[in-house]
Amino acid sequence: MRSNKVGWWLLAPTLAILGIFGILPFIYVLYLAFHQWNPFGANPEQVFNGANNFRRLVFDKEFLLAIWVTLKFGVFAVASEIVIGYFLAQLFMREFPGKGFFRTIHTLPLIVAPIVVGSIWRLMTTPSVGIIPFYANELFGIDINIGRDAGTAFLFTVIMDIWHWTPLVTLTLLAALLSLPKDPFEQAQIDGASRSQIFWHITLPMIRPAILATVFIRLMDALRTVDEVWMLTGGGPGAATRYLGLHIWKVVFPKTDYGYGAAISVIVLYLTLVMCWMLYVGLVAPRNKGN
Amino acid sequence: MRPSNPWLNVLLWIILSFATLFPIYWLFVISVKPAVDLFTTPDVILRSFYWKNYIDVLHDETLRRYMMNSLIISTGNAVLCTVLAFMACYALSRFDLAGKENIFFWTITNRMAPAAVFLLPFFLLYTKVFVIGDFKLYDTRIGLILLYCTFNLPFAIWTLRPTIDGIPKELDEAATVDGCSTWQTIREVVWPLARPGVAVTFILIWVFAWNEFLLAATLTSFNARTLTTGLSEYVTTTGTQWGKMAAISIFTLIPALIIFSMVQRSIVAGLTFGAVKE
Chain A
1 MRSNKVGWWL LAPTLAILGI FGILPFIYVL YLAFHQWNPF GANPEQVFNG ANNFRRLVFD
61 KEFLLAIWVT LKFGVFAVAS EIVIGYFLAQ LFMREFPGKG FFRTIHTLPL IVAPIVVGSI
121 WRLMTTPSVG IIPFYANELF GIDINIGRDA GTAFLFTVIM DIWHWTPLVT LTLLAALLSL
181 PKDPFEQAQI DGASRSQIFW HITLPMIRPA ILATVFIRLM DALRTVDEVW MLTGGGPGAA
241 TRYLGLHIWK VVFPKTDYGY GAAISVIVLY LTLVMCWMLY VGLVAPRNKG N
Chain B
292 MRPSNPWLNV LLWIILSFAT LFPIYWLFVI SVKPAVDLFT TPDVILRSFY WKNYIDVLHD
352 ETLRRYMMNS LIISTGNAVL CTVLAFMACY ALSRFDLAGK ENIFFWTITN RMAPAAVFLL
412 PFFLLYTKVF VIGDFKLYDT RIGLILLYCT FNLPFAIWTL RPTIDGIPKE LDEAATVDGC
472 STWQTIREVV WPLARPGVAV TFILIWVFAW NEFLLAATLT SFNARTLTTG LSEYVTTTGT
532 QWGKMAAISI FTLIPALIIF SMVQRSIVAG LTFGAVKE
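From first to last, the protein sequence lines stand for chains A and B.
FYI, the numbering for the first sequence is 1 to 291, going by our numbering.
FYI, the numbering for the second sequence is 292 to 569, going by our numbering.
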């Protein structure tokens, strides 16, 4: 074996870049979170203020609202995607003409830039330009205005996310379904089990790890959604769709209250990591071990 | 639950494909309509094409610069990440480095953090800390290229590792016995065999960097703005120019679409974290 020195040299640039652009910002934001610093405020100096920023945060109504709507968005979007994605994956389990072609089309939204997804859906839903409000009004007499009605705006951010990311769920669940052994299903059919019995007692337990892993990946992504929602609703009306990322970017950041902004960033990072860790340790890891 | 007739399945997929494609088609419709026609009854079928929006975009000095920046930044980032990840994966795969699995895992965790969390520290580092004389990383292309490494380099290491691990070690050992230096072994033996995997990684990272918006919007102001940030400028200003916005969206979409048609299966494998292989 050659000397390990060469190996370390090959690894060094990667470690250096990730150190400077990954670790350093993290340490910096952690440091700032414990300081009072607003360069354009009454006292522009950095002053250590202990946990004051975090204390303020607990009473910040806007921030708490952002957490709440983000969680709501994540849960609604990911749950719908899992259900629709599972159904579509089942459809792909059968042979039918043009399967490869339909699969390609279904995969298409995955590579569209999030910001373009936002602009596409904005053009679909803006009153008088978009086609959805027009036909909703023409055919059903429903008035759709995502700029005015909070519920509708929320609904369309979820629909947009479903359009964009369901393919990912379909494909991962399809991969899981394809890897299942055939025998238990045949045996169950011979024993006269009904479709729903097969689903609840055989399919679901067997693909459970795959479902949980998909939920894990999707939820992490859904909670950090910014670009699409910014393009579609701009976080409005009011703060109805101002999700955490948007809140940091559009509300916290422009205030130049850097210490407090850093504290919010740290908490968001903490929440994301803790949630992922809980999902992983509590759900994904033990199941994988079992199998 | 499952339709038993295959043609029922086909019918369902036709409807679903329509749902997938229609929003993109609508984007195109808006982009080839003159502004005065937008607010009449929405016409789903196109009867005439009005290309002025595209011509306007191509003649717009600012947008041309944004496009150029996007090209330079995504290509630069993809080259940098692929090369560094190739070296790192080679080191992790072929050398007996202390704690290398921990290092591997640590690099991956860099990707997990939400970009929004890094806005503030990066903004301050780029404007106030990483300053040499008059030079700041803020609003420079190199600044964005380096910044995207935080998210794309872990991804590259993750996707390249199996490729490099899959090349038999015996080949390098044989090359070493024949008197090749490490550099020669990499260049003559490993690199040619890893090329397909490297190409896929390169392309995926290129698309990620091309599509990125949030960090580019925050860390540039004039010189290094990218096409995605240009797109957002058309919405926030009063009186959105819908046609032009749609045309810019199409320009943003095209490179990704071309790439998608070339390496569709690998993109799926990359995006699903290797869950789907075909």
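Some hints could be false.
As the list claims (entries may be wrong) - Heads up, simulated DMTMM-like pairs for lysine to aspartate or glutamate below, C-alpha to C-alpha not over 25 Å straight-line: (1) A:K5 with B:E461; (2) B:K419 with A:D257; (3) A:K5 with B:E524; (4) A:K72 with A:D183; (5) A:K5 with B:D334; (6) A:K255 with B:D430; (7) A:K5 with B:D430; (8) A:K5 with B:D347; (9) A:K250 with A:E62; (10) A:K250 with B:D463; (11) A:K255 with B:E524; (12) B:K427 with A:D60; (13) B:K427 with A:D257; (14) A:K250 with B:E524; (15) B:K419 with A:E45; (16) A:K5 with B:D456.
Claimed, not checked - Far from chain B, some chain A residues (derived; all Cβ distances over 12 Å): (17) P13; (18) N49; (19) F54; (20) E62; (21) L71; (22) K72; (23) A79; (24) R103; (25) R122; (26) F154; (27) D183; (28) L269; (29) V281.
As the list claims (entries may be wrong) - What the simulated footprint calls covered on chain B by chain A, stretch by stretch (three residues with Cβ under 8 Å from a Cβ of chain A suffice, anywhere in the stretch; the number is not a length): (30) 322 to 333; (31) 380 to 387; (32) 398 to 405; (33) 429 to 436.
Everything labelled a hint here was simulated from the structure, so no lab data went into it.
Glycine included, each C-beta is placed from N, C-alpha and C at the ideal position.
We went through each hint and held it up to the structure:
Taking the CA atoms of K5 of chain A and E461 of chain B, the gap is near 21 Å; set against the 25 Å cutoff, the hint holds. The suggested pairing of K419 of chain B with D257 of chain A holds, with an alpha-carbon distance near 15 Å, which does not exceed 25 Å. Our distance criterion of 25 Å between C-alpha atoms is broken by K5 of chain A and E524 of chain B, whose separation comes to about 49 Å. A C-alpha spacing of about 40 Å is found between K72 of chain A and D183 of chain A, which places the hinted pair above 25 Å, so the restraint is violated.
As the CA atoms of K5 of chain A and D334 of chain B are separated by approximately 67 Å, the hinted pair breaks the 25 Å bound. Simply put, K255 of chain A and D430 of chain B have alpha-carbon atoms about 20 Å apart, close enough for the 25 Å limit, and the pair holds. Pair hint K5 of chain A plus D430 of chain B does not hold up; C-alpha atoms about 37 Å apart against a cutoff of 25 Å. With a CA separation close to 56 Å, the supplied pair K5 of chain A and D347 of chain B exceeds the 25 Å bound.
Proximity of K250 of chain A to E62 of chain A is assessed by CA-CA distance (about 12 Å); at most 25 Å being required, the pair is judged to hold. In summary, the hint linking K250 of chain A to D463 of chain B is not supported, as the alpha carbons are separated by about 52 Å, beyond the 25 Å threshold. Taking the CA atoms of K255 of chain A and E524 of chain B, the gap is about 21 Å. The hint holds against a cut of 25 Å. Pair hint K427 of chain B plus D60 of chain A does not hold up; C-alpha atoms about 34 Å apart against a cutoff of 25 Å.
Distance restraint check for K427 of chain B and D257 of chain A: the Cα-Cα separation of roughly 22 Å lies within the 25 Å cut-off, and the hinted pair is therefore satisfied. Of the supplied pair hints, the one linking K250 of chain A and E524 of chain B holds, its CA atoms being roughly 15 Å apart against a limit of 25 Å. Proposed proximity of K419 of chain B and E45 of chain A is supported: the alpha carbons are some 14 Å apart, at most 25 Å. The suggested pairing of K5 of chain A with D456 of chain B holds, with an alpha-carbon distance near 20 Å, which does not exceed 25 Å.
With a least beta-carbon separation of about 5 Å from chain B, P13 of chain A fails to lie farther than 12 Å from that chain, contradicting its non-interface assignment. At roughly 17 Å, the least C-beta separation between N49 of chain A and chain B is larger than 12 Å, which holds for a residue marked as non-interface. For F54 of chain A, the requirement that its beta carbon stay farther than 12 Å from each beta carbon of chain B is met, with the minimum near 15 Å. No beta-carbon of chain B is positioned within 12 Å of the beta-carbon of E62 of chain A; the least distance is around 15 Å.
No beta-carbon of chain B comes within 12 Å of the beta-carbon of L71 of chain A; the shortest separation is about 14 Å. The beta carbon of K72 of chain A sits about 17 Å from the closest Cβ of chain B, which is more than 12 Å, so the claim that it is off the interface holds. Chain B leaves A79 of chain A outside its interface by the beta-carbon criterion, the shortest separation being 18 Å against a cut-off of 12 Å. Some Cβ of chain B comes within 12 Å of the Cβ of R103 of chain A; the nearest lies about 9 Å off, and the non-interface call is violated.
Remark: the non-interface label on R122 of chain A conflicts with the geometry, its nearest Cβ contact in chain B lying 7 Å away (cut-off 12 Å). With 12 Å as the threshold on Cβ separation, the claim that F154 of chain A sits away from chain B holds: the shortest Cβ distance comes to roughly 19 Å. No Cβ of chain B comes within 12 Å of the Cβ of D183 of chain A; the nearest lies about 19 Å off, and the non-interface call holds. A Cβ of chain B approaches the Cβ of L269 of chain A within 12 Å, the least distance being about 5 Å, so the stated non-interface status is violated.
For V281 of chain A, the non-interface assignment is confirmed: its Cβ lies about 14 Å from the closest Cβ of chain B, beyond the 12 Å cut-off. Here the segment 322 to 333 of chain B counts 4 residues with a CB under 8 Å from a CB of chain A, which clears the bar of 3, and the coverage holds. Remark: the segment 380 to 387 of chain B is confirmed as covered by chain A, as 6 of its residues place a Cβ nearer than 8 Å to a Cβ of that chain, reaching the required three. A stretch counts as covered by a chain when three or more of its residues have a beta carbon under 8 Å from one of that chain; for the segment 398 to 405 of chain B and chain A the count is 5, and the coverage holds.
Only residues whose C-beta sits within less than 8 Å of a C-beta in chain A count toward coverage, and the segment 429 to 436 of chain B has 0 of them, not enough to reach three; the restraint is violated.
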